[in-house]
Amino acid sequence: MSAVNRILANLKGDKSIWMIVIVFGLFSLWSVYSSSPLIAAKELEGNTTLFLLKQLAIVLSGWFLTFLAYYTNYKRFSQIAPAFLVVSVVLLILTLIFGYGVHDAKRWLRIPIIGLRFQTSDLAKLALVIYTARAVSSKQEIIKSFKEAMIPILAPVLLVCGLILPHDLSTALILFAVCFAMMFVGRLEIKYLIALLVLGVALLALVIFLGNIIPQLGVRVETWISRISQFFDTSVEDYQAVRAKIAMARGEYFGRGPGNSIMRTMLPSSFADYIFATILEEYGLFGGFFVIGLYLFLLFRTVALVTKTTKTFGAMLAIGSCLLIVIQALANMAIAVNLVPVGGITLPFLSSGGTSYWFMSIALGIILSVSKQHEKDQQEIVSETNTESA
Amino acid sequence: MTTIKNEVLIRVYVVTLLLVLAALAVFSRAFVISISEGKKWRDLGDQQFVKLMPIEPLRGNIFASDGSILATSLPFYEIRFDPLTSNITESLFAQKVDSLSMCLASISDKFDAKGWKDYLWKARKEPIRGVLIMEKATQEQYERMKMFPLFRLGKYKGGFIASQKSFRSHPFGTLALRTLGYVNPEDSKYVGLEGYYNNYVGGEQGEEMMHKVGRDLWLPMNDLKQVDPRNGDDLLTTLDVNIQDITQEALLKSIDYHNADGGCAIVMEVKTGAIKAISNFRRIGKDTLGEIYNDAINKRTEPGSTLKLASIMAMLEDDYVNLEDTVDVNYGKTRFFDRILEDAEKHGMKLTTVRHAFEMSSNVGISRLVQRFYGENKKAEKFIAHLRDFNLDKKTGIDLEGESDPEIKEAYNAKKEWSGITLPWMSIGYEMTLTPLQVLTFYNAVANDGMMMKPYLLSEVQRLGEPIKTFKPVVIKRRIASKKTITMAKSLLEGVVLNGTAKDLRTSKFSFAGKTGTAQVNYGKLGPDDKKEYQASFAGYFPAENPVYSCIVVVYNPKQYGFYGAICAGPVFREIADKAFTLKTELHDCINKREKMPMKGPMLPSGDAGMAYDIDFLLDKLNFRYYKQAKKEFAALKVSGDSLKLTDRNIDVNAVPNVVGMRLKDALHLLENRGLKVGVNGYGVVRRQSIPAGARVAAGAYIAIALE
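Taken in sequence, the protein lines are chains H and Z.
For the first sequence, my numbering begins at 1 and goes up steadily by one.
For the second sequence, my numbering begins at 391 and goes up steadily by one.
If a hint is listed, it holds; no wrong ones were tucked in.
Covered stretches of chain H (in silico footprint by chain Z; criterion: 3 or more residues with CB under 8 Å from a CB of chain Z, positions within the stretch not fixed):
hint, segment
1, 184–190
2, 247–254
3, 281–291
4, 295–304
5, 330–339
Calculated lysine-lysine pairs in the DSS-like style (CA-CA distance at most 27 Å, straight line):
hint, chain 1, residue 1, chain 2, residue 2
6, H, K139, Z, K395
7, Z, K395, H, K12
8, Z, K395, H, K308
9, Z, K441, Z, K430
10, Z, K547, H, K54
11, Z, K395, H, K372
12, H, K75, Z, K395
13, H, K54, Z, K545
14, Z, K395, H, K144
15, H, K147, Z, K395
16, Z, K395, H, K311
17, Z, K395, H, K191
Cβ-to-Cβ under 8 Å is the rule here; a few derived chain Z residues that face chain H:
hint, residue
18, E397
19, V405
20, R419
21, F421
22, I423
Rather than coming from a laboratory, the hints here were simulated on the basis of the structure.
Don't be surprised by glycine CBs; every beta carbon is placed ideally from N, CA and C.
Assemble the whole structure, with the sequences as input and the hints as a guide.
Now the structure itself:
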């Protein structure tokens, strides 16, 4: 225990955010553990211990990655950002060609030799957020310029989102929203941003149009259209949405208790896309309130950090990483409660699934790294003023 | 600098505000779904994904009186296969179907390997999800199949669907099958003991909430609402496997031999009314007999001459007759109004005694007596009152479903059922209907010195081997007639066997008493071309002097080799009695209780040899007088004059021993210990051996012994 205490004592950065890291990890372990009888029943041949160990491995490695990112001086991210982005773009292109996934959605790439599969967009999201933070912060003097700021900042965003979009509309939209918010926060000219929104809609329309007339492109236009029309067609309830609602309703205020969800076996991807419905069934509205509160708490702590810090890149990087987590979380929950149409995105840290957890862990680590650096700067300022006054 | 910072912060707060609003929207939406609309969704969920499922209890066993299992539940599996699980791709199926087919052919005769392959491919192509593989697989077959290719991947991946059920197994085959009965709640059929005592043996269904976790998979929710099933209790019946077996066999033989339409037989324990055997057969095909109805308790017919016992007892009770009184049997023919009544067997007698009229079952004699004493002045009431005294108008109350009510007419009733000939015909067992069990219960009461016992089949309800409810014999009526009447009735029944219609059935081994019955079933309604139909029966008990069992045998419409009760039913009774008597060793005199007989020379067991201890023990038990001179392990018996001597049989350890006079056990033991190879011929006692005693031979030599 003393070793742990020492590590905790030496940990810099926002302690509240560290707490969030730990709570997320424990919660995800607990939810897998409590549902193991169901997994056993459903996968009679599956080894539940293995399932738990796998999740443990993911959580531990996630914590390690968070620590690693926290340990890294965040300015290093600025240095590697261009290279990181290039690699991501190449991987995204490879995914478009060689990738695979369920229901014709090419989202995953299998890493040769080790055989691990990962969703390239997870990597690209992080790369793009870092790159955008760098671009926005480095162009603060000329930020209101269209040609010198708007275009260079926007171009990679459009490129990355455009590459993700054909097979994963929801992720592309969320990533675009995150970057858009970063550009907004980074003081880009509002009229250009409004124009960008219009352009985004136009671009989307173009993709849908192209996908429709050239099916060979493999754009999942049909899926999108059906999902969206299903959402607005109130006469036919989508069965996924109905089951999610049943799950949430079963939870009422206090839930049915850990492991007692019966709808998770009936919900498609109840451990990923619909985990929020399962959480509500087992822990009730209060559980849901707690989970929403965790993400909002992360948002508030990051905003507090941004308010205090004087470093533009740090601020942009922290707020970008935070938005990446929070916007995706809210989008996932909005889908679960049927506020927006169905889309396949995970709830950061709580959905099971490896690579998403890792990249989100890195994002958290980056916020902590900025927070740590800020604390260090503050101490230097204090010591400087101390020496000055001395 | 501060303006830039402020601009950034304002924009950050705007974004934050928007996200907080979004979070509020999510939360309020969740609130609406789970609380405001909550009931609607929960109800929908309960309807689709939750259900109350019964938990089937285990059915109890049914035991014979000695504890042999007559009926028990055994598990089996219904095996189905889903060739279209997402895991079984076309290539995987094609790759494994050959080996799977071969495995299936090895366990099931339904198809050969090729046939199975076609069958499985067809199922995949059609497609049939859940194609039947085996309807009733045993536990062992199920365990084997679980390891077959594809199947071993399990339910979801391998499509191996096994549902456990149980079936009722009867280790003794058809033995008392109809009496054991069955239950089939779906058709609300509750038959036999299984049906009557379903409350005990069937147990009680439990129930539990299950929720859906897959296409056909439901899991218990483990909530407090679960009600555990109560497993069925075991029934210990009064049935005796051996007597039941004898009864079935003897009855079947007679039905077959006389080409009858069917028959039934019941054996009852006199003192208690416990049913030891019930057997029923009906012809269900030209050459097939089946136990489809429990005729013994629900088939109501005119009993015929077996009822004459009741008529005589009525007259004895009223003191109208003495057994030695003379009765006019008028050469076996008489007339009541417009109807002629004849005796079944021709005889040339004009006058005889009441006793003899009964023993030879004279219709004329009995009916004339009854008509004389009860035929006038409205006295028929009195006769029928006696039948009621004998309980012949009531059900016995046996613990089986479906006992028929007997039918005894009210005297002079207004329903035009009563005519001048009703009474004389009633006196010889017509114009009324009874079940075989009702007749037997009456006979049993006579055998039991007038005490009428209720027939019953269940003696104990057991749970985990411990009795939880015991059924004592029930007395229907403490005394159905005076002691004097009963004594005379018994002597009449004994007379039937000694001098009357059943005298050919006599045996010196044990005594029995009874009455034959030969009833014409279709009298009065016979067309010119119709053949007469008879019902042959025999009711009685054994041994006569101290009755242990009573028994009735009824054979319906025998069509060849005679139709009389004494010929069709009597021998069945005899066979049952013979074997039941043999089995009931406590009825036999003990050999060593007899007086020690001075044995004469030729009767003594001369020359027998064997282990000295064994011979010693046997002679002692059998109360032989002998002189013991033997001191060694083996001995032989020698007779000199009228005395028996047990002398040593010397066994030379190095030579061929003398085994003449020994039983095979001893002979083999001795010869094989000498290293000889023994050839055995015949059975009994060794009379000759191929190598003489005392010869020295090499080990492994062949010796033949002849037993006689």
